[in-house]
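Asker: Please assemble the complex out of the two chains, which come individually in their own frames, going by the hints.
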Amino acid sequence: MSIAIEFKNVYKQFKGSAYSAVDNVSLKIQHGEFITILGSSGCGKTTLLKMINRLYDPHKGSIEFFGEDISNTDPVEFRRKIGYVIQQVGLFPHMTIAGNIGTVPKILKWPKEKIEARVDELLNLVGLEPSEFKNRYPAQLSGGQQQRVGLARALAVNPDVMLLDEPFGAIDAINRINLQDELLKIYNASKKTYLFVTHDINEAFKLGSRVLIMDKGKIQQFDTPKNIAKNPANDFVKSLINSAKGQEVFLED
Amino acid sequence: MIDYLLKYPDKLLKAFVGHIEIVLITLVISIILAALLTILAAYSKIASKLLINIFAMVYSIPSLALFAILVPLTGLGKVTAIIVLVLYNQYILLRNTIDGLNNVDAAIIEAATGMGMNKSQILFQIKLPLVTKPIFAGIHLAVVSTIGIATIAASINAGGIGSVLLDGLRTVNTAKILWGTLMSAGLAIVVNGILNVIEKKFDII
Chain A
94 MSIAIEFKNV YKQFKGSAYS AVDNVSLKIQ HGEFITILGS SGCGKTTLLK MINRLYDPHK
154 GSIEFFGEDI SNTDPVEFRR KIGYVIQQVG LFPHMTIAGN IGTVPKILKW PKEKIEARVD
214 ELLNLVGLEP SEFKNRYPAQ LSGGQQQRVG LARALAVNPD VMLLDEPFGA IDAINRINLQ
274 DELLKIYNAS KKTYLFVTHD INEAFKLGSR VLIMDKGKIQ QFDTPKNIAK NPANDFVKSL
334 INSAKGQEVF LED
Chain B
17 MIDYLLKYPD KLLKAFVGHI EIVLITLVIS IILAALLTIL AAYSKIASKL LINIFAMVYS
77 IPSLALFAIL VPLTGLGKVT AIIVLVLYNQ YILLRNTIDG LNNVDAAIIE AATGMGMNKS
137 QILFQIKLPL VTKPIFAGIH LAVVSTIGIA TIAASINAGG IGSVLLDGLR TVNTAKILWG
197 TLMSAGLAIV VNGILNVIEK KFDII
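Quick mapping for you: the protein sequence lines, in order, are chains A and B.
Our numbering numbers the first residue of the first sequence as 94 and each following residue consecutively.
Our numbering numbers the first residue of the second sequence as 17 and each following residue consecutively.
Mixed in with the good hints, there may be bad ones.
Chain B is nowhere near these chain A residues, computed Cβ spacing over 10 Å in every case [unchecked claim]:
| hint | residue |
| --- | --- |
| 1 | Y112 |
| 2 | H124 |
| 3 | K153 |
| 4 | E206 |
| 5 | E209 |
| 6 | S336 |
A short, non-exhaustive set of chain B residues, derived as facing chain A with CB atoms under 8 Å [as the list claims (entries may be wrong)]:
| hint | residue |
| --- | --- |
| 7 | A127 |
| 8 | G130 |
| 9 | M131 |
These aren't lab readings, by the way, just hints derived from the structure by calculation.
Ideal Cβ positions, reconstructed from N, Cα and C, are used throughout, including at glycine.
Isolated chain B (complex conformation) (with noise of 0.2 Å):
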């Protein structure tokens, strides 16, 4: 296994910056995304519950079959790899906001209305500062189920980690299987417990 990472430290690195790039890349878009679609939820409910059932039932599919499916439409590769891993994220982060929105203390919201804020007044000043925390939440689940599902990627030629993974068992290479394993998963629960720490310091309320 050593011997392996030592004949080819450059075919590990590239896999695994690869994977991080996608990952990165993913999570901008899947946060700018939500961002916008939770202001319309908050303004619109019949937005909001269409929102919710449309990417629960994306959510549904499973990640190969999403693959597949987006193939023909936009080739193989790392594009089509993105726009299924923020997909994806959609459900897990629209979900946890805007349940969060709708589970502001009612008292607090018919205060705010009866002294006469606004709706985007309630919704900045009041309803978003008291939903950070299932925000992060949100934001976390996504981040590792992103680091999850772009191994998968591979399967379409994204490159990633899954990359050594697949090379290792079409080939019954236990160094790569192992290497595969042991970089996606490390890379998983490093990242997990960065944001644990992080949640921790931001948990004000």
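Excised from the complex, chain A in its bound form (with noise of 0.2 Å):
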């Protein structure tokens, strides 16, 4: 199996700020793998994913994709080649469902036949009725379906990486539960490889192959719900496991 992605003694400090958002963190991460970072916030769990798609740049350590260092890409077109997702959607509100869909394949100058088979297809996927909604804009919509839209927009061009950042983080209870489920089979049948940012524990160890959970941009395990919830490696892990008692139902899957 290859690795994905790969950090190296990555150091993240933002101007004006005493401490490291992100202190000396390496891991690797196998394509294929569905990862969830879990922590409260300010934890360094965005920056952390924010500096994979180079929205923000490491002042020390490499990271790489696909065994390219990522410093060396050029950023704009780097990120076409990754998927992502975030809580406020941000769909573009003068477009419709269609064009939003379509944004990346347009830049990527697909033929247009193509980038509308292509949003049907994606429709499709998310549980949207293509026929219903690609002609809509994003207001006609509520918060559940336009963060379909948004994971649609994202899987556009089948990227092989797709970072979420607590893209479900906004919807309601319900809602979110169905997100995930969804969510979890288009990864299952996708073998690319996820990274999904959380406050959440339950939904950390629903959908990951494997927990990373931060706190104070360290990390504190990184390793399997099950081997978590077995070893908690240190008090921080034990007290988080403790506050999620109630969710037991998931740790001993």
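Answerer: Set out below in structure tokens:
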């Protein structure tokens, strides 16, 4: 199996901040893994994610993407190889759903028919009827539907790596469970690498083939949900698991 | 009053047409210049701050003073009037557009950047289409204010409706004063109304 992403002693410190948002992180992610990154706000999980598609650059250390040091890439072109989903979705309000999903294919100059076919395929994949949704505008969709479109847009050019930054954070509990199940289905069918940031331990343990637990910019534990539940590496992980006792169903899966 | 109109229709018409001419030339130059400066501002934060500050300063100078300052440089007449009016419009147009561009939802920009759009794609495909409203509001304001300030341009021999007003004031000719007022106010009100209608029609987002 190839290594999709590797962090080598990565530091990231923001201007005016006394401590590192990401503090000497080294890790390897195999291609095809579903990694959830778990931690409370300010722990560095989003920073870690955004360094992968170069929205942030590390100030020390290096990151490799399928063996290539990403600091040598052109960030704009590099990002087109990576799917990116954020909590606020960020759909373009002046474009139809089809226009939104077709943005990257259009930039990559796909022929029109190919884009249209892909839009239909993706809408079906995320559970939205193409004929009903294609020509609507984002404002006419519910929050859950908007995030489905956000997901479809990120999947448009079938990227090898998907980055998801608390994508279901603003969605109600019932829709959230549905979306989690559908995301897992899409992931299982794709065999691509997924990185999913969340502060919800439930979600992290349900989705992740491995869970990366972060606190204060450092990795606390990086293992399968089972192993973490069985052998918490330190007090922080222990307290995290204790706090989620009500959700042991997933931990014993 | 009607007598005056019947006696000197060509005089009034000439002033009216001259006024519209100044306004139209000013607007065309203003919009082209503002478009170029907006693009510059969109690429450079320093340029955007500098432009806003400079034009805010110019805008705060009373029009009569600005006309007077420029007369030794560009002479009496239309050219000077148009330069002053274009300068005033830059503040109105740039302020609205740059504010609009800076206030586009950060999540939309993050999504666009994250999916691999470059700076000009984000500007032309995302940001500008989202600020058509403030852009149009700026143009609207610029049109109305140009019609108004252009009357003062008569004081430097630029012609227009202002010349009728000034003549009327100098000779205490009530008919002239009334016609000047009627034409300038009427023009502003009618154009404002037309722009309101257009704005409503284009109100898509």
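Asker: Against each hint, give a clear statement of whether it holds in the structure.
Answerer: A quick look at each hint next to the structure:
1. The beta carbon of A/Y112 sits about 24 Å from the closest Cβ of chain B, which is more than 10 Å, so the claim that it is off the interface holds.
2. Here A/H124 stays apart from chain B, with its beta-carbon at least about 20 Å from theirs, past the 10 Å limit.
3. At roughly 23 Å, the least C-beta separation between A/K153 and chain B is larger than 10 Å, which holds for a residue marked as non-interface.
4. At roughly 21 Å, the least C-beta separation between A/E206 and chain B is larger than 10 Å, which holds for a residue marked as non-interface.
5. A/E209, annotated as away from the interface, keeps every beta carbon of chain B farther than 10 Å; the closest lies near 19 Å.
6. Every CB of chain B is more than 10 Å from the CB of A/S336 (nearest about 29 Å), matching its label as outside the interface.
7. Because the closest C-beta pair between B/A127 and chain A is about 3 Å apart, less than 8 Å, the hint holds.
8. Hint status for B/G130 relative to chain A: holds, with the closest Cβ pair at about 4 Å, below 8 Å.
9. Evaluation of the B/M131 hint against chain A yields a held restraint, the C-beta minimum of about 5 Å falling below 8 Å.
In this structure, none of the earlier numbered hints is contradicted; all agree with it.
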